[in-house]
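Peer 1: Sequence:
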Amino acid sequence: MTSSTTSATPAPEPLEPPPAVPGSVRKPPSAASLARQRRKASAVRFWKQYRTHRAGLYGLAGLVLIALLALAAPLLVGADVQSVTAAPGTALESPSTEFPLGTDQFGRSLLGLLIWGARISLLVGLLAAALSVAIGTLVGIVAGHYGGWFSTVVMRITDWFLVMPALVLAIVLATVMSRSMWTVVLAIGVTSWPTTARLVRAQTIAVESRPYIERATALGGGHRHVMTRHVLPNVMPLVLAQTTLGISTAILTEATLAFLGLGDPTVVSWGGMLQDAREAGAVSSGHWWYLAPPGIAIALVALAFTLCGRAVESVLNPKLGVGR
2 MTSSTTSATP
12 APEPLEPPPA
22 VPGSVRKPPS
32 AASLARQRRK
42 ASAVRFWKQY
52 RTHRAGLYGL
62 AGLVLIALLA
72 LAAPLLVGAD
82 VQSVTAAPGT
92 ALESPSTEFP
102 LGTDQFGRSL
112 LGLLIWGARI
122 SLLVGLLAAA
132 LSVAIGTLVG
142 IVAGHYGGWF
152 STVVMRITDW
162 FLVMPALVLA
172 IVLATVMSRS
182 MWTVVLAIGV
192 TSWPTTARLV
202 RAQTIAVESR
212 PYIERATALG
222 GGHRHVMTRH
232 VLPNVMPLVL
242 AQTTLGISTA
252 ILTEATLAFL
262 GLGDPTVVSW
272 GGMLQDAREA
282 GAVSSGHWWY
292 LAPPGIAIAL
302 VALAFTLCGR
312 AVESVLNPKL
322 GVGR
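Numbering follows my numbering, in which position 270 of the sequence shown is assigned residue number 271; successive positions increment by one, without gaps.
Everything labelled a hint here was simulated from the structure, so no lab data went into it.
Be aware that a few hints might be false.
[As the list claims (entries may be wrong)] Computed beta-carbon distance windows for the label pairs:
(1) Trp48 x Arg216: 29 to 35 angstroms
(2) Thr176 x Ala203: 33 to 39 angstroms
(3) Gly287 x Val177: 36 to 42 angstroms
(4) Ser84 x Ile206: 53 to 59 angstroms
(5) Leu170 x Thr86: 47 to 53 angstroms
(6) Gly223 x Ala33: 18 to 24 angstroms
Glycine included, every Cβ here is placed at the ideal spot set by N, Cα and C.
Start from the sequences and build out the full structure, keeping to the hints where you can.
Peer 2: Next up, the structure:
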């Protein structure tokens with residue numbers, strides 16, 4: 002009797018999780034969250050590939066150092082370094098312990114001017130390159146998307162800007178308009194966009210030949226939707242690489258305009274320092290310390306941006322086979 006009762010006793014069932022409370026149901030990740038995760042994963046992959054380019058790392062390290070010096074300029078040298086009346090030294094002193102790079106014709110420290118001038122040169126280069134790439138991207142996407150006679154007309158205008166010397170057009174604009182930093186940015190930006198426009202147009206045509214563009218159009222996607230949601234994200238890697246490469250050109254153009262006396266006379270830039278050295282007769286008098294620092298700084302920054310641009314371009318488009 003006892004054994005039968007014991008055998009009839011059912012075995013304990015495994016514990017089941019408590020029923021889910023309606024308010025605590027785990028929701029699937031939103032589209033914005035998924036997009037953030039994809040961007041984060043893409044950034045991690047980009048950095049892993051970028052680290053394999055030694056030259057790109059050298060360029061990035063140089064740019065970080067120069068950017069930190071430019072940002073810390075008010076703390077390192079102070080705004081008084083630009084003042085002509087409060088100059089601490091005498092005119093055209095050679096390098097010494099007090100003035101490691103010597104002084105200019107007003108007795109100002111060239112080291113302080115070099116650090117302070119990095120702010121203007123980098124800012125003008127970044128803004129001018131951003132304006133140029135923005136114009137080129139807009140023109141390229143619109144021309145590649147609509148096609149037909151409209152694209153032909155836009156590309157002929159682009160070709161006219163492309164064959165015209167950009168420096169000459171920038172000089173004309175800087176001469177006609179008032180002398181200021183924003184004039185230099187505008188002059189560089191509106192004359193250096195054709196190369197980006199042609200590259201983006203070619204990429205736009207390639208993207209719009211893919212099947213998902215036809216599906217988006219068939220589902221009711223308009224021109225704006227196709228260009229902003231499908232074409233623009235696919236051309237952004239090309240735009241990023243072109244921006245990085247264009248900054249060095251913009252910095253060199255700004256230095257050239259300032260050297261020709263077309264820059265903003267109220268601010269200190271590396272090109273303006275070269276123009277001041279020319280006016281002071283540093284070439285004929287042998288004051289090499291007046292010419293060498295800003296010239297070397299311009300060359301190093303241009304080289305650093307070029308190295309970074311080539312590395313970015315190689316990562317985003319491995320088919321280019323850019324050397325590491």
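Peer 1: Hints first: check each against the structure and report whether it holds.
Peer 2: Status of each hint after checking the structure:
no.: 1; hint: Trp48 x Arg216: 29 to 35 angstroms; result: holds (33 angstroms)
no.: 2; hint: Thr176 x Ala203: 33 to 39 angstroms; result: holds (34 angstroms)
no.: 3; hint: Gly287 x Val177: 36 to 42 angstroms; result: holds (37 angstroms)
no.: 4; hint: Ser84 x Ile206: 53 to 59 angstroms; result: holds (55 angstroms)
no.: 5; hint: Leu170 x Thr86: 47 to 53 angstroms; result: violated (38 angstroms)
no.: 6; hint: Gly223 x Ala33: 18 to 24 angstroms; result: holds (23 angstroms)
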